[in-house]
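Construct the entire structure; sequences and hints are all you get.
If you read the sequences in order, they're chains G and Z. Just so we're aligned, residue 2 is where the first sequence starts under our numbering, counting upward by one. Just so we're aligned, residue 2 is where the second sequence starts under our numbering, counting upward by one.
There could be a bad hint or two in this list.
To be verified - Residues on chain G that point at chain Z, a partial pick, calculated with CB under 8 Å: (1) Pro36; (2) Asp39; (3) Leu63; (4) His68; (5) His110; (6) Ala132; (7) Ala133; (8) Glu176; (9) Glu204; (10) Tyr211; (11) Leu214; (12) Leu224; (13) Ile227; (14) Leu232.
Stated by the list, open to error - For each label pair, taking beta carbons as the anchor points, the in silico distance ranges come out as: (15) G:Thr202 with Z:Arg88: 44 to 52 Å; (16) Z:Arg75 with G:Leu166: 33 to 41 Å; (17) Z:Leu166 with G:Gly102: 44 to 52 Å; (18) G:Asp174 with Z:Arg262: 54 to 62 Å.
Hints were generated in silico from the structure; no laboratory data involved. Just so it is clear, the structure is predicted and the values come from calculations on it, not from any experiment. Every residue gets a Cβ at the ideal spot worked out from N, C-alpha and C, and that includes glycine.
These are the residues of each chain, in order.
Number of protein chains: 2
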Amino acid sequence: MERGAGLRVAIQGEPGAFSHAAALVLVGETLELVPTPDFEALFLALSRERADRALVPIENTLTGSIHENYDRLRASPFHVIAETRLRIRQCLIGRPGATLGGLRRVASHPVALAQCRGFFAAHPEIQAVPAADTAGSVKELMNGGDASSGAIASELAAELYGALLLQADVEDDPENHTRFLLLAREPGRVEGSAKTSIVFTLENRPGALYAALQAFASRGVDLTKIESRPLRGRPFEYAFYLDLVGDPEREAGEALAELRRTSRDLRVLGSYPEGLKRDPARSMKGEA
Amino acid sequence: MERGAGLRVAIQGEPGAFSHAAALVLVGETLELVPTPDFEALFLALSRERADRALVPIENTLTGSIHENYDRLRASPFHVIAETRLRIRQCLIGRPGATLGGLRRVASHPVALAQCRGFFAAHPEIQAVPAADTAGSVKELMNGGDASSGAIASELAAELYGALLLQADVEDDPENHTRFLLLAREPGRVEGSAKTSIVFTLENRPGALYAALQAFASRGVDLTKIESRPLRGRPFEYAFYLDLVGDPEREAGEALAELRRTSRDLRVLGSYPEGLKRDPARSMKGEA
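Rendered as structure tokens:
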């Protein structure tokens, strides 16, 4: 964990959003939250120095890689300095004194509502009400609403707004995880085992990717993610996202140098401690 | 286009959803629409023979591959028989007689609302109202609402519910495309140039993917998509999605046979006419 008292961390969404929970995991309880309304504002908060870090969701186990954030990251001068993977646990939340049996309307973002179809099927007396935001629906519940109204959001949102957690894990599929990246204006320093994320471009011709991967295969560098993506307005080229185990300054250096010769627009997005759950504190000593 | 008078095509969503527009492109105006509330119901409609085809969104240029639908497709016995790529054009829609200047509230799914931030920033007098569904918000608008109420949805939704298209293309980013796959219980027959989608599993060891890709690179088979995905509950294995140019019965046969020997759980999801905009009618003669 990157401990820094008062480190300003920008997220997309309201306090209590799942991004807020991920920021607490990576930066700790002392962070100063900078909520932003959308991903563009999130990146702006970092470039305009209204925040010291930006926390960006980059992929989800149900819905895939978030290309628009890869695009923003690629176009930005920022560095990935840590990652975490958060299980998206949807919670049924009421006002203090509310009971599950008394609920008639439950509000949340339609994506969250759609993840809880089993719950609504089992409780036909409860109407699902679309809202702009998961955490925001808890905030609204506490500002108005009565014992018949509820919301679906993170446990953190319930705590933060003084609401009542009526039932945890009301989602249909427990295998719903979001991977978040922590961005900074300066690169991080990784002392232990590192993971590195890169983006590069290749021409779309048979064998081009195979040739590019040789740089890693011939040196035993392990890849943990690969994904192709057609490039906007360049119909015969593809961008590739690659995560590899290793540090460009050390064991992955030669392979990356070779790839740089055979690909285009290679950008190292950042190197950060390997392992989704590992505590990256030791690599951040200089900053905290 | 797969012309079949009265061919029953299941979609997820309401009539007028973007899936409905994609179904019209692939199957034609004579289709009989089978709307379903969620993706599980969509696949069930095909297996229980309440529909002859199911139309599944599989990836979006902003939000990535829809893993949950890859999972359903992989677990199903169905075959991809056609694909199309639809530009998601968000339209501002009002009741007949409404004007843009008179609008004060515009409803849609929050994801669609978020794609139109520029529009709402330019019209601060208009409140964005979250709704469960894009097309459903037009239906509701026509069932109630007045000249100060609007919705954001497809042009098709405006036509279908007799509403007024006030402004087309109110989305911020015109590069928003969704790729849809058309599924059937029986494989399609492709007479011209084919594209084939496969899914397979590899152990996560350095060089495993490189070795697997050799099957294609050594034979000059062109890949148009590759994506890795960690497997649930199998931490050292990855699933790969691959789209290639070629037909398993013809030019891609040898490469697939080799891959079948070196990978696990290889499943050919289907072969279908190459080219996102090409008319697949000629390959469907037997069915129409």
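We went through each hint and held it up to the structure:
The beta carbon of Pro36 (chain G) is not positioned within 8 Å of any beta carbon in chain Z (closest approach about 15 Å), and the interface hint is therefore violated. Given hint, Asp39 (chain G) at the interface with chain Z, holds; its Cβ is 6 Å from that chain's nearest Cβ, closer than 8 Å. Proximity of Leu63 (chain G) to chain Z holds as hinted, the smallest CB-CB distance being about 5 Å (cut-off 8 Å). The beta carbon of His68 (chain G) comes within 5 Å of a beta carbon in chain Z, closer than 8 Å, and the hint placing it at the interface holds.
Using the Cβ-Cβ criterion of 8 Å, the hint placing His110 (chain G) at the interface with chain Z is satisfied: the shortest such distance is roughly 6 Å. Checking Ala132 (chain G) against chain Z: minimum C-beta separation of about 5 Å stays under 8 Å; hint holds. For Ala133 (chain G), the interface hint holds, the least distance from its beta-carbon to any beta-carbon of chain Z being 5 Å, beneath 8 Å. The criterion of a C-beta within 8 Å of any C-beta in chain Z is met by Glu176 (chain G), whose closest approach is roughly 5 Å, and the hint holds.
Taking 8 Å as the C-beta cut-off, the interface hint given for Glu204 (chain G) is violated, the closest approach to chain Z being about 11 Å. Interface hint at Tyr211 (chain G): satisfied, since its Cβ lies 4 Å from the closest Cβ of chain Z, which is below the 8 Å cut-off. About 5 Å separates the beta-carbon of Leu214 (chain G) from the nearest beta-carbon of chain Z, less than 8 Å, and the hint is met. A hinted interface residue such as Leu224 (chain G) counts as satisfied when its beta carbon comes closer than 8 Å to some beta carbon of chain Z; here the least separation is about 6 Å, so the hint holds.
Evaluation of the Ile227 (chain G) hint against chain Z yields a held restraint, the C-beta minimum of about 5 Å falling below 8 Å. About 10 Å separates the beta-carbon of Leu232 (chain G) from the nearest beta-carbon of chain Z, more than 8 Å, and the hint is not met. Between Thr202 (chain G) and Arg88 (chain Z), the C-beta spacing of about 23 Å breaks the proposed range 44 to 52 Å. Between Arg75 (chain Z) and Leu166 (chain G) the beta carbons are some 35 Å apart, a value that agrees with the proposed interval 33 to 41 Å.
The hint said 44 to 52 Å for the Cβ distance between Leu166 (chain Z) and Gly102 (chain G), and at roughly 45 Å that hint holds. In this structure, Asp174 (chain G) and Arg262 (chain Z) break the distance hint of 54 to 62 Å, their C-beta atoms being roughly 33 Å apart.
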